[in-house]
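Enquirer: Chain by chain, the residues:
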Amino acid sequence: MAARAIWKGDLKLDSTKVPVKLYSAVQDQTVRFHILDVKSKHRVKQHMVEADSGEEVANEEIQKGFEVDPGRFVILDEKELASLEPKASREIKVEQFIPPAEIPPEYYDRPYYLGPDGDSAAYFALAEALQNQEKEAVVRWVMRKQLYVGAIRVDNDYLVLYTLRNAEEVLSTKDLPRPAGRAPDKKELSMAKQLIELLKGEFNPKDYKDEYRARVMEFVEKKAKGHKPKLHLVKTKKKTTSLDSVLTKSIAALKKQKKAA
Amino acid sequence: MPRKKATKKRRNEADENGARAARPFWSGTLTFGLVSVPVDLYPGTRTNRAPLRMLGPKGEPLSRRYFSQKTSKDLEDDEMIRGYEIDKDKYVVVTDEELERLAPESSRDIDLRRFVDLQSIPPLYFDRSYFLAPSAGSEKAYQLLAATMDKEDLAGVATFVMRGKEYLVAIFPENGILRAETMRFPDEIRSPKQVDLPEKTKVPAATVKKFEKLIAKHSEKHLSLKELKDEKTEQLMKLVEKKRKQHKDIIEVEEADRDEGKVVDLMEVLKKSLAGKRKAA
Chain A
0 MAARAIWKGD LKLDSTKVPV KLYSAVQDQT VRFHILDVKS KHRVKQHMVE
50 ADSGEEVANE EIQKGFEVDP GRFVILDEKE LASLEPKASR EIKVEQFIPP
100 AEIPPEYYDR PYYLGPDGDS AAYFALAEAL QNQEKEAVVR WVMRKQLYVG
150 AIRVDNDYLV LYTLRNAEEV LSTKDLPRPA GRAPDKKELS MAKQLIELLK
200 GEFNPKDYKD EYRARVMEFV EKKAKGHKPK LHLVKTKKKT TSLDSVLTKS
250 IAALKKQKKA A
Chain B
0 MPRKKATKKR RNEADENGAR AARPFWSGTL TFGLVSVPVD LYPGTRTNRA
50 PLRMLGPKGE PLSRRYFSQK TSKDLEDDEM IRGYEIDKDK YVVVTDEELE
100 RLAPESSRDI DLRRFVDLQS IPPLYFDRSY FLAPSAGSEK AYQLLAATMD
150 KEDLAGVATF VMRGKEYLVA IFPENGILRA ETMRFPDEIR SPKQVDLPEK
200 TKVPAATVKK FEKLIAKHSE KHLSLKELKD EKTEQLMKLV EKKRKQHKDI
250 IEVEEADRDE GKVVDLMEVL KKSLAGKRKA A
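Heads up: the protein sequence lines correspond to chains A and B, in order.
Residue numbering for the first sequence follows numbering that gives the first Met the number 0, beginning at 0 and increasing consecutively.
Residue numbering for the second sequence follows numbering that gives the first Met the number 0, beginning at 0 and increasing consecutively.
So here's chain A without its partners, still in its complex pose (with noise of 0.2 Å):
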């Protein structure tokens, strides 16, 4: 089944524009609950309520504040929410080019699927020029009332949009100690690099299944043809053996694994 355009507008690059249409990358496949009253098995709903005494609170008697200082809050009204709400526009413009490398992954947040709308030459070109320079674009946009940051990427010759998280969201190490404890000796990291070295292949998405929400699905089914499918709580073991008796037997343990391949 084809998905739908969620948005469309111009991806504007100094006077060119590249009219696209905007597609989600992700489809959740968590299996979803639902929250239910262990009484009488119904679903259950929120309403907001006073923290004392827990009364009810209509939505039309809500107001929003920001605290200011502890227990002061300055409140803001709809209208002057509203005011902070950037201009619509269906652009999507071009800030900058950089190399892919320079954004860190904990910022990318939400991918999207950019498709031509209309004019596929352009649409294809650009991807193709975006391929050739190794170079991916920075972008701003506003969509549902928000401004997006994005960075657009080549992904098999298609153009795939994402929106970057800011950097106040974003927890940076540079503010964080090193780790406490006595670094590595050199014995110590050259068999690690040993041991990696022995573990090292290609990323293959391919060979990632969630196999627990598989058992969890099979689980429920049994569940809701009324068997009562037993379930074992397992036990963790400890381990506590030295850093490097373990480095030396993990080297010996894979490297047998792999002659016998």
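Since the hints were made in silico from the structure, they are not lab data.
Treat the hints with care, since some could be wrong.
Unchecked claim - List time: in silico DSS-like cross-link candidates among lysine-lysine, alpha-carbon distance up to 25 Å:
hint	chain 1	residue 1	chain 2	residue 2
1	B	LYS139	A	LYS173
2	A	LYS173	B	LYS216
3	B	LYS87	A	LYS224
4	B	LYS209	A	LYS92
5	A	LYS38	A	LYS224
6	A	LYS192	A	LYS258
7	A	LYS63	B	LYS228
8	B	LYS87	A	LYS248
9	A	LYS144	A	LYS11
10	B	LYS216	A	LYS11
11	A	LYS92	B	LYS225
Said to hold, decoys possible - Each pair of labels, with its calculated beta carbon distance range:
hint	chain 1	residue 1	chain 2	residue 2	range
12	B	ARG52	A	ARG42	22 to 30 Å
13	A	ALA179	B	GLU253	35 to 43 Å
14	B	ASP116	A	SER52	57 to 65 Å
The structure presented is a predicted model; accordingly, all values stated were derived computationally and were not measured.
By construction, the Cβ of each residue, glycine as well, lies at the ideal position given by its N, Cα and C atoms.
Got chain A sorted already, so can you dock chain B onto it with the hints?
Expert: Relative to chain A, chain B alone:
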């Protein structure tokens, strides 16, 4: 009866932005080869720097509660249960204990069985960001792993089950600290074909050249950090400051034992954890 209130369980504690999570989000074991490294996992992002609070008509702080649709009564944590909808309004109940027992022992460790070039992972896979801190006694093995991966820009890849969900994760060092990026499973990413994007058409070389020139013209070596500023919050703060100075629409409420909505500084928690101050022995 405020005394009774104090004994009530904290509601909805598992908030996904981690703002309130002073304790680790998860504790477990990272392994490579036969080496095991006990670790604590903390959120690496915070969602809202300047959250607006919901207040009542007189400014009284509000909280969100679950209530029964049948009896209209508010529900405590132990009066609610998880259900999977198999038919309209028909549910199969699943308990926390069952979810935990469904995870085989081996799936609870993060076993790094493959190390890959970090740059070779398409960002399409990256979902949420976390930090791993060494827990008691594992500092040396932790540092050893971080230092070894750092030299070659490697990431360790594994799957593991955490709090009722399986995660695909890439673990890599940054300034001596291990980051854990959870990733989407391949079936959670649509292909261009599934989205029904048109097949690539042949494009005129001149058009490609034209774009290449434009790209070169606007290319920079580094990402300009001003792009990643939180403009929305800045504008909100400006408006708040203006109104504060004008003493407009200000409400004061008693601070008495109000702990809900208080924000724990995640950075402080992480600093303590990395400095080994959470250590038991």
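Enquirer: Now, for every hint given, state plainly whether the structure supports it.
Expert: Against the structure, the hints come out as follows:
Proposed proximity of B:LYS139 and A:LYS173 is supported: the alpha carbons are some 21 Å apart, at most 25 Å. For the hint linking A:LYS173 to B:LYS216, the alpha-carbon distance of about 32 Å lies beyond 25 Å, and the restraint is violated. Using a Cα cut-off of 25 Å, the hinted pair B:LYS87 and A:LYS224 holds, with the two alpha carbons roughly 16 Å apart. Taken as a hint, the B:LYS209 and A:LYS92 pair is honoured in the structure, with Cα atoms around 18 Å apart against an allowance of 25 Å.
Of the pairs offered as hints, the one joining A:LYS38 and A:LYS224 holds, with about 21 Å between alpha carbons and a cut-off of 25 Å not exceeded. Restraint check for A:LYS192 and A:LYS258: the C-alpha separation of about 19 Å stays at or below 25 Å, so the hint holds. Distance restraint check for A:LYS63 and B:LYS228: the Cα-Cα separation of roughly 24 Å lies within the 25 Å cut-off, and the hinted pair is therefore satisfied. At most 25 Å may separate the alpha-carbon atoms for a hinted pair to count; B:LYS87 and A:LYS248 exceed this at roughly 55 Å.
Proposed proximity of A:LYS144 and A:LYS11 is supported: the alpha carbons are some 19 Å apart, at most 25 Å. At roughly 14 Å between alpha-carbon atoms, B:LYS216 and A:LYS11 fall within 25 Å of each other, so this suggested pair holds. A threshold of 25 Å between alpha carbons decides the hint, and for A:LYS92 with B:LYS225 the separation of about 15 Å falls inside it, so the pair holds. Taken as a hint, the range 22 to 30 Å holds for the pair B:ARG52 and A:ARG42, whose Cβ atoms sit roughly 27 Å apart.
The hint said 35 to 43 Å for the Cβ distance between A:ALA179 and B:GLU253, and at roughly 41 Å that hint holds. In this structure the supplied range 57 to 65 Å holds for B:ASP116 paired with A:SER52, their Cβ-Cβ distance being about 58 Å.
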